[in-house]
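Could you build all of it, start to finish, from the sequences and the hints given here?
Protein chains in written order, with the working numbering: chain A, 1 to 304; chain B, 1 to 230; chain C, 1 to 693.
The reader is advised that the hints may include incorrect statements.
What the hints assert, rightly or not - Which bits of chain B does chain A cover? Going by a derived footprint, with three or more residues having C-beta under 8 Å, they are: (1) 160 to 168; (2) 188 to 196.
To be verified - Pairs of lysine-lysine residues, derived as BS3-like cross-links and limited to a Cα-Cα distance of at most 27 Å, are as follows: (3) A/K123 with B/K168; (4) B/K168 with A/K233; (5) A/K210 with B/K197; (6) B/K7 with A/K123; (7) B/K184 with A/K210; (8) A/K210 with B/K7; (9) A/K216 with B/K7.
No lab work stands behind these hints, which were simulated from the structure alone. All of these numbers come straight from a predicted model, not from anything done at the bench. Virtual Cβ for every residue (Gly too), placed ideally from N, Cα, C.
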Amino acid sequence: MTLPVSRFQEALEAGEFVVTGEIGPPKGTNVEPVIHEAETYLKGNVVAVNVTDIQTAVMRTGSMVGCKLLLDRGIEPVFQMVTRDRNRLALQSDLLSAHILGIRNVLALTGDHVAMGDHPQAKPVYDVDSVGLLQAITGLEAGTDMGADMKGNPNELDGVPTFFKGCCVTPCTEVVEPQIIKLEKKVEAGAQFVQTQAVYDPATFETFMKNIDHVKIPVLVGIVVLKSAGMAKYMNRGVPGVQVPDAIIQRMADAPKEDRKKVSAEIAGELVREMKPMCQGAHLMTLGWDDVVPDILEHAEIKP
Amino acid sequence: MIVAERKPFDEILEMLAPQKRVLVLACGGCVTVCLTGGEKQADELASQLRLAARQKGMDLTIESDSITRQCDREFIENLKADPGQYDAVLSMACGVGVGFMSELYPETPFLPTLNTTFYGANTAPGAWAEYCRGCGDCVLAWTGGICPVARCSKSLINGTCGGTNDGKCEVDQEMDCAWLLIYKRLKELGRLDEYRKIRPPRDHRTDRGRGVRRLVHEEMVELEEEESQA
Amino acid sequence: MRDGDLTSRDVAALPSTCELMEREWSPCRHACPVHADVRGYIEAIAQGRWRDATDLIRDNLPFAVVCGRICHHPCEANCRRRDVDDPLAIRELKRFVVELQGAEGATVHKAASQDKARVAVVGAGPAGMSAALDLAKMGYRPTVFEKFPVAGGIPATTVPKYRLPREALQIDIDWICAHGVELATGLEIGKDKTIDDLRAEGFEAVVVATGLAKSRLLPMPGADHPRVHPALKFLTDVSFDHPVDLGQNVLVVGGGNVAVDAARSAVRLGTGRVRMMCLETLAEMPAYEWEQQEAQEEGIEFIHRRGPIEILVRQGQIVGVKARAVTRVFDENERFDPQYDDSDVIELACDTVIMAIGQAADMGFVEGSSLRQDDRGRLVYDAATQQASLPGVFACGEIVTPPGSAVEACASGQRAAVAVDLFLRGHQIRIDDSLPPEIDSIAEDTAEKVINVSREPVEAVPPQTRVKTFGPIDKTLAREAALRESRRCMNCGAGAEVLVDKCAACLTCLRVCPFDIPKVTDVARIDSSLCQACGMCIAECPAGAIIARGWDARGLPARTSAALASAASDGHAKIVAFICGHHASAADWRGESEVVAGVAEVYLPSVARLSVSDLLAAFEKGADRVLVLACHEGADRYPQATRRISRRVDQARQLLAEVGLDPDCLRMLELPDEDGEAVHPALVAAVETLPAG
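Structure, rendered in structure tokens:
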């Protein structure tokens with residue numbers, strides 16, 4: 001067995017219940033507030049922090065530079081990469097660059113369609129899909145890129161990167177088998193960990209975990225912090241594969257405005273606590289409410 | 001077949017602006033079938049243009065004609081009007097027809113009146129939907145006859161993404177998730193193994209990766225041409 | 001391409017798409033002995049074009065009024081509407097329009113110059129007059145010799161006046177004579193003059209059309225009694241108001257139409273009891289069914305399956321007829337061969353007998369000529385050339401054809417005119433009698449989709465009233481009823497044709513046809529025998545690949561233009577109103593309704609035919625506003641027409657908006673569900689809804 005390439009990998013391999021966080025770079029160059037938040041609330045509380053890649057197709061600062069800034073402040077980043085915006089040349093090039101910058105964790109994603117974002121006129125690239133991206137990373141790690149020379153031999157790299165490669169899955173979708181098959185393909189293509197789409201229903205998640213019992217990579221259950229009942233309802237309507245049960249919506253609705261953060265942290269914490277036995281970690285998506293992370297961990301009965 | 005939709009009238013009028021004598025030329029091929037560029041639609045556009053010209057005091061003479069197909073040289077013999085006699089021709093053909101006729105009549109501007117939108121099938125009376133992207137590397141054999149290139153909004157080739165939502169696509173709640181359809185179809189056919197296989201990234205050389213695509217059937221190349229080459 | 005496929009080139013080479021209708025004929029036209037353009041004149045009636053209708057009828061049928069009253073109307077028997085509900089009342093429509101127009105209201109097509117040979121016609125019945133008319137139209141100078149003081153033949157001398165008023169007949173005679181047909185009445189050939197005399201006087205041809213003017217008689221005891229009347233002579237005497245010796249108990253012997261005429265005439269002369277005795281059963285009787293029915297309504301009793309053997313005379317008076325039973329009338333080959341049972345004899349009491357057992361030719365015209373007769377006394381004659389045994393002598397009508405009706409005599413006379421013309425021009429007489437094929441019967445599932453409209457009833461005079469006079473037994477259709485009836489016509493054979501070179505097989509026709517007629521194979525195929533000619537597919541075809549036989553689909557803009565030019569605008573906005581004429585009055589169609597200022601009215605058989613281009617073209621032709629007045633759904637002649645036109649109007653409004661015109665300048669309104677006079681008030685109201693200025 002090869003040595004872990006990151007602290008994140010090391011923790012999972014050590015059998016710890018690993019918690020990761022997430023930040024989204026800003027639209028503009030003013031990146032300091034988000035990095036400061038990460039430093040304040042995430043550093044020390046979570047093992048690694050995902051940096052989103054032009055999330056929901058809304059144009060913003062890149063993932064790679066966010067990762068670099070976290071590294072500089074001693075926080076281990078997870079470099080999210082979507083295949084929406086770059087063809088295979090740009091993706092592989094960015095992977096080499098990321099490695100040079102010291103980035104070791106990569107989360108390979110397809111990415112929301114440009115139609116969902118603020119540049120719907122943009123050309124969606126999708127030269128490769130998430131499986132193809134994972135294959136590409138695995139290839140780079142083996143010292144070759146996706147291309148070939150005139151004789152058909154793979155191009156050799158001068159200096160070879162190594163990554164801890166992750167992928168995503170949606171556990172709570174109505175027809176789950178195609179998701180599971182795709183997960184199997186991602187694992188076959190080289191995925192080493194999974195961070196799931198948001199889960200609010202532990203029972204469904206438990207079933208899902210049983211269904212992927214044969215998939216031997218660690219799973220971090222995804223928790224999206226609810227900011228209001230309205231947001232929950234919106235997600236039920238508009239976000240694919242996310243179902244917030246009525247009881248949780250009611251709890252958010254009943255909470256006075258000043259207590260919402262508290263209630264939200266309670267809900268998230270309880271969810272993590274309940275699902276802790278089923279999986280290997282939790283991925284907290286706070287959507288800017290980084291300050292609730294300590295509370296969540298407390299409710300989840302997790303010591304940083 | 002090729003499906004096209006009529007350009008906004010103002011755009012047509014704008015591209016036409018400096019011309020005085022204009023022929024609206026219908027195409028009797030695909031665009032007739034999709035009720036966009038046939039003789040009827042050419043007559044309607046011609047009528048609209050004459051009305052607009054009167055409205056705006058433009059000096060514009062509009063006539064119309066139709067042709068079996070604008071993508072074959074031989075049919076131009078059947079034209080009643082000579083395109084060369086006009087300042088411009090408003091072609092009701094798809095982009096292929098506009099481009100090809102422009103080559104045949106280098107002196108006459110052929111202007112597009114349609115936006116060529118997709119290769120589609122007639123899904124219901126008056127309705128067409130995209131079924132093929134002309135990618136040059138057909139995958140339908142292992143996708144249960146449902147094209148992921150044309151009908152998945154991300155043209156994914158390894159399965160559903162996280163954007164599938166109640167069987168619909170994240171892009172449009174009216175649009176089926178192609179991969180969910182493929183999954184269901186393959187399952188019905190007992191061929192889920194096809195879904196399980198990892199498909200390598202597509203080879204885009206067949207799809208615009210090497211510029212203009214061509215097709216030559218050697219056996220049909222004109223005899224004289226072959227002789228001159230020999 | 002298949003046999004019979006049409007291309008746009010084929011059509012461009014035609015003078016008009018009317019020619020296409022000659023490829024197949026509608027059953028009404030095909031069955032008509034003179035092949036009148038029935039669909040054409042019915043359509044003209046539907047549009048209030050009385051004169052056009054009359055002219056179309058008279059183009060083929062000189063005895064239009066006669067036939068409007070007494071024709072046996074094979075057109076109706078073959079009308080495809082019978083498979084939907086009831087056949088069209090074609091005869092009644094003809095009667096309506098030709099009598100409305102009279103002789104003056106029909107166009108006279110006189111030859112440019114009438115200087116060709118003189119031709120003598122013997123007999124002024126339908127056959128002779130038809131021959132004379134056609135010869136006159138060709139420039140010959142015909143003279144018709146008639147032994148009776150009036151022209152008309154059987155219709156003038158024997159058809160009872162309650163079936164054919166003589167002033168009505170006179171319309172036909174006057175119109176025919178207006179073409180330069182000379183009449184010499186009261187002059188009997190063979191008696192006053194011979195055929196040889198005629199030749200000597202310079203008539204270069206003679207047409208014998210003397211018909212079957214005599215009743216046949218049966219030799220039997222008592223047959224020479226003065227109260228035994230030959231039916232034709234009896235009817236002629238009645239016609240000319242000559243006194244007839246009739247008792248109070250009349251027995252008419254015979255079962256044909258003449259027998260019924262005689263019986264019904266006897267009733268009208270005040271006879272107490274009238275009975276008819278015939279060999280046939282009720283079903284076998286040759287008299288038309290409606291004649292039988294009307295006779296029974298008038299109290300005439302039928303005695304079937306009896307043949308007379310003796311007229312019983314006692315003390316100089318007829319007291320009865322001895323009649324034996326009939327065991328069969330026809331042999332196994334359907335030939336007339338009656339067999340009797342002489343053991344079954346009855347006596348029928350009566351005091352007068354009218355013999356109506358058949359007609360015979362009066363061969364008197366042969367006297368003084370060398371015309372040959374066969375061993376049975378019939379004129380020697382060649383049916384192919386219509387020539388008798390002397391060069392230049394022709395024959396037509398019932399004297400040489402089997403007994404028939406007036407329209408059949410007309411057809412025979414017309415054929416004789418062709419033969420005479422060929423002869424006089426020195427040509428061999430060869431007449432092409434071939435006809436275009438007839439379109440098939442309508443399929444059951446098509447018939448089911450045609451909207452049912454019941455036949456307009458003809459108002460009959462009640463039997464108790466009509467038996468008292470020789471006045472007409474029924475009334476002519478009222479104007480509104482005639483319009484409604486004519487609009488039941490299914491336009492058989494005037495439907496859609498696909499131009500195969502233009503068809504893109506797009507399936508639009510198949511999708512918009514309310515009758516599910518088109519099939520798309522290599523190209524669209526529209527079965528003309530099923531097509532209802534609604535025009536829906538023509539208006540929608542994106543390729544312009546469908547045309548209608550006999551109707552220029554692209555001619556509407558020109559009509560619109562003409563209507564605009566003739567509409568007085570007086571500074572008002574110019575409005576074109578496309579109006580479904582299915583319920584419009586004749587005055588509306590003819591533009592004789594009260595003028596609505598600035599409105600150019602364009603009437604259509606149905607709005608189904610109105611295309612988006614037609615709507616836009618109206619604006620191009622100068623309309624400021626365009627109205628579409630459609631029947632409301634269900635009231636239109638065709639299913640779905642209202643919904644389709646409503647969508648087309650919406651589409652046209654969008655196209656207008658793109659151009660920068662106010663889409664409200666084009667509006668569609670549905671007509672109220674009332675007939676005739678409601679259309680114009682609706683138009684006035686609709687104009688109010690348009691934007692001002």
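A quick look at each hint next to the structure:
Three residues within the 8 Å Cβ limit are the bar, and the stretch 160 to 168 of chain B against chain A gives 8, so the coverage statement holds. Remark: the stretch 188 to 196 of chain B is confirmed as covered by chain A, as 3 of its residues place a Cβ nearer than 8 Å to a Cβ of that chain, reaching the required three. As the CA atoms of A/K123 and B/K168 are separated by approximately 21 Å, the hinted pair is consistent with the 27 Å bound. Restraint check for B/K168 and A/K233: satisfied, since their Cα atoms lie roughly 19 Å apart, inside the 27 Å limit.
For the given pair, A/K210 sits about 22 Å from B/K197 by alpha-carbon distance, which is consistent with the 27 Å threshold. For the given pair, B/K7 sits about 21 Å from A/K123 by alpha-carbon distance, which is consistent with the 27 Å threshold. Straight-line distance between C-alpha atoms of B/K184 and A/K210 comes to about 22 Å, which keeps the hinted pair within the 27 Å bound. Restraint check for A/K210 and B/K7: not satisfied, since their Cα atoms lie roughly 54 Å apart, outside the 27 Å limit.
For a cut-off of 27 Å, the pair hint linking A/K216 to B/K7 is broken: about 54 Å separates their Cα positions.
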